[in-house]
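Q: Knowing the structure of chain E, use the given hints to seat chains Y and P on it.
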Amino acid sequence: MNVNPHITLDAPKASPAGGPVKLRARDVNVFYGDKQALFDVSLDVPERAVTALIGPSGCGKSTFLRCINRMNDTIPGARVSGRIELDGEDVNDRSLDPVLLRARVGMVFQKPNPFPKSIFENVAYGPRIHGLASSKSEIEGIVETSLKRAGLWNEVADRLHQPGTGLSGGQQQRLVIARAIAVNPEVILMDEPCSALDPIATAKVEELMDELKQEYCIVIVTHSMAQAARVSQKTAFFHLGKLVETGPTDEIFTNPRDSRTQDYITGRFG
Amino acid sequence: MHEHIVKSFEDELNTLTAECARMGGLAEAQVADSIQAVVKRDQGLASSLVERDEQLDQLQQDIERKAIRLIALRQPMANDLRRTVAAMKIAGELERTGDLAKNIAKRTLVIVESEPMTPLTRSLERLGKLVLTRLKAVLDAYTRSDLERALAVWSQDDEVDEHYNSLFRELLTYMMGDPRTITACAHMLFVAKNLERIGDHATNIAEMVSYEITGEEMGQARPKTDALKA
Amino acid sequence: MTDAALPKAGVDPAVRRSALEARLKTRRAQEMRFRWYGRAAILVALSFLAILLGRIGLQGYSTFVDYRMSVPVYVDPARVNAGDITGANYDLMVAQAVLAKLGEQDDEFGRTSGKVMALVSNDLGFQVLDKVRADPGLIGKTITVTGPVRADAALYYKGEIERGTVEADRKLDDQQLAWLDKLRAQGMVSSGFNIGFLTKSDSTEPEQAGVLGAVVGSALMLLVTATLAVPIGMLAAVYLEEFAPKNRWTDLIEVNINNLAAVPSIVYGLLGLAVFINWLAVPRSSPLVGGLVLALMALPTVIIATRSALKAVPPSIREAALGVGASKTQTVFHHVLPLAMPGVMTGAILSLAHALGETAPLLMIGMVSFVPGVPGGFTESATVLPVQVFIWENASERAFHERTAAAIIVLLVFMIVMNLAAILLRRKFERRW
Chain E
1 MNVNPHITLD
11 APKASPAGGP
21 VKLRARDVNV
31 FYGDKQALFD
41 VSLDVPERAV
51 TALIGPSGCG
61 KSTFLRCINR
71 MNDTIPGARV
81 SGRIELDGED
91 VNDRSLDPVL
101 LRARVGMVFQ
111 KPNPFPKSIF
121 ENVAYGPRIH
131 GLASSKSEIE
141 GIVETSLKRA
151 GLWNEVADRL
161 HQPGTGLSGG
171 QQQRLVIARA
181 IAVNPEVILM
191 DEPCSALDPI
201 ATAKVEELMD
211 ELKQEYCIVI
221 VTHSMAQAAR
231 VSQKTAFFHL
241 GKLVETGPTD
251 EIFTNPRDSR
261 TQDYITGRFG
Chain Y
1 MHEHIVKSFE
11 DELNTLTAEC
21 ARMGGLAEAQ
31 VADSIQAVVK
41 RDQGLASSLV
51 ERDEQLDQLQ
61 QDIERKAIRL
71 IALRQPMAND
81 LRRTVAAMKI
91 AGELERTGDL
101 AKNIAKRTLV
111 IVESEPMTPL
121 TRSLERLGKL
131 VLTRLKAVLD
141 AYTRSDLERA
151 LAVWSQDDEV
161 DEHYNSLFRE
171 LLTYMMGDPR
181 TITACAHMLF
191 VAKNLERIGD
201 HATNIAEMVS
211 YEITGEEMGQ
221 ARPKTDALKA
Chain P
1 MTDAALPKAG
11 VDPAVRRSAL
21 EARLKTRRAQ
31 EMRFRWYGRA
41 AILVALSFLA
51 ILLGRIGLQG
61 YSTFVDYRMS
71 VPVYVDPARV
81 NAGDITGANY
91 DLMVAQAVLA
101 KLGEQDDEFG
111 RTSGKVMALV
121 SNDLGFQVLD
131 KVRADPGLIG
141 KTITVTGPVR
151 ADAALYYKGE
161 IERGTVEADR
171 KLDDQQLAWL
181 DKLRAQGMVS
191 SGFNIGFLTK
201 SDSTEPEQAG
211 VLGAVVGSAL
221 MLLVTATLAV
231 PIGMLAAVYL
241 EEFAPKNRWT
251 DLIEVNINNL
261 AAVPSIVYGL
271 LGLAVFINWL
281 AVPRSSPLVG
291 GLVLALMALP
301 TVIIATRSAL
311 KAVPPSIREA
321 ALGVGASKTQ
331 TVFHHVLPLA
341 MPGVMTGAIL
351 SLAHALGETA
361 PLLMIGMVSF
371 VPGVPGGFTE
381 SATVLPVQVF
391 IWENASERAF
401 HERTAAAIIV
411 LLVFMIVMNL
421 AAILLRRKFE
431 RRW
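Protein chains in written order, with our numbering: chain E, 1 to 270; chain Y, 1 to 230; chain P, 1 to 433.
So here's chain E without its partners, still in its complex pose:
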């Protein structure tokens, strides 16, 4: 019997993380030549949240990630079928220019790959080619904002014209993130962004993800389950090209429904 009406006995079920659905994938199949890499993947990715894609090597999570910004177009022999909708528009539509798509969907890769140019140029390149700034001061403003948002400004403000490749691994990765943010994307894709970084750099990038998720939709592919558990609000588990299970991160890691998911995250995969 509830004698104190101010204390509710039933905890409300956790509401789905983040905002409305930003990316909607339906029945996505990917073929590399004759080999099929993804089988009928359907997934909703919410806005203003971090969604983690986990799974063993070769399960298709990176392939799926690269479908979102059509990077698979650069691989000869790659074929994508199904719909991936960004705010309702199919990204595979012939009339949608992949160049414009990639300005809306930024990507950060596993190995930090800043351009072999100055730090300033690295960040300024994107806005310049997309015509986002019309004067030198505007470009400088964008560069400063992006570097500040990426948490790198304080460390590089005095050496903007030195080569980007002279920074440490963690700084390079944050530079790459700043470069991605500079073109004002809506979605940021990260393919194992911390696998080449030491723990402190990793922590800084994770902190950055925490801040960025308030504005962007972030999708991260990671091998580290601990990282997925730390940074994401929604987790999707892939296995052999199929999407096995998806759900709020805390549920997936405390009580997954599928035994394959459980086996993977507890390290029982034989």
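No lab work stands behind these hints: they were computed from the structure.
No false leads were mixed into what you were given.
Once the Cα atoms are required to be at most 30 Å apart in a straight line, the calculated DSSO-like pairs of lysine-lysine come out as:
#1 P:Lys-246 to P:Lys-328
#2 P:Lys-328 to E:Lys-111
#3 P:Lys-428 to E:Lys-117
#4 P:Lys-328 to E:Lys-136
#5 E:Lys-136 to E:Lys-148
A: Same frame as chain E, now just chains Y and P:
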């Protein structure tokens, strides 16, 4: 279910569960002995029981330490995490159970000094046996990961309450009948209460076993018969 | 489960150790032998290089020393008609002046002066002519002109022609040799650095022959080759590597380009002859047609070098650029090509240096003719350094032999300069990624 790829992780988890089961066995023995001591008015048994309680405390600390180490070093997830947390909590419940048994034994040492009250002792014995059966069942359910058995224990919590309530009334009647027995009866009241509490702990353990196996919390309130209402 | 837990096979440890030591010894001996083979190979290669360069150097260095004579020439008004200055026989006047110095007289047939004329270059005569033409007031005066001695005389001074050989086998007879000694004793002959070799162009007279014409011809031709081969090759390679779809056709093209790089160069000469000269009527023996032919030859090499430079750019750069939203073209021209530049430049310059030394195709298109002057433009007749070497080697005069070697030295210097340029350019453009 497959085994962990890292064998030592598997071993550590199994050790933890085994320790918990062992503690369960010990607690069970303590409770059985405490009931025996009260019923048979055995002072020797009661004293040795009090001494053995320390073992239980040690075990509980040990299990807690192991569990914390497991969490820090292995970062268990999903069912492994639930198993670890359950082991830690069950150890706590068992330690409390052990304390209650020790308390019964202490009171036995006082009760023994007065006259035996056979009918009361019989009722107490019945209550004790019931509680012991439930404890045994739930610990069995834990060792075997038997969800049905755990749920069965959980849902029959009110049986103990009924026994306790009737024993309560019996004691009151006895006390009102013969004021010289008040001291002994008061202690018996506490003994009965402790037994009822042990029953509660068994129900708690049942809840934990269910959480470990299913991952879902028991939402509803457990069935209870409140003595105050009667 | 690993097998680390299994017990080791039972072998006596002492036996095992000695066997191990024996094996180690054999391995070390093998390594030493291999090292010596390597050293020997390098030694052989270096010695061949030394022999080659040494021989050329020894043969050619004497070219750079020439002997000059200063002769005070009396411009005999009797021989010079003021109205027809060019008609006068200036060589004779020079010879007379030398005879005067020698204290000899000319005989009535002029044989003596003829013999003397064989000792001095006719350049002296031309110098007198130029001076008199410029200032006719010099007629009747004595002017001093300095010019090189004739090639054979120079050879004598350098010790190539010896008195010891039979007179009939020599170019110069005893009397001429005696005159030469006398002239030197009088101090009329001086030796110095033969700058003329580098500032004059080809001539029938060895002492007046220089490589300037050939150098300019080579330079003009290389300019044509570079302007054609490098941009076309680079852009073709960029297209094939970055933009073209990977199918059977592009594979075919790649195979063909690789084969073209191995085609004998003379075939390109034939092609040039047939297509450029006969069909398109490009002026024969001009730097233009030479450049066209060599451009065709250099093109496959430039394409292959550019392609491998492009391949060497890591794909992460391309992905990064694409990820930011650059189009394919922007990716290639803003990111990939600048990074590939060092390799491209090196390949281009090396293929040009290779083209510089090509002789066979140029012989086919007629650059083997004797070209006395410096070519003024792309469509004028010209010759190039390797062909000049070829021509001089085939000439009969002995003096040309040393000049052949000297020309080879100049050619080698040209190539070294180009290679250095390649290295410097590469260093300048090199960036670390």
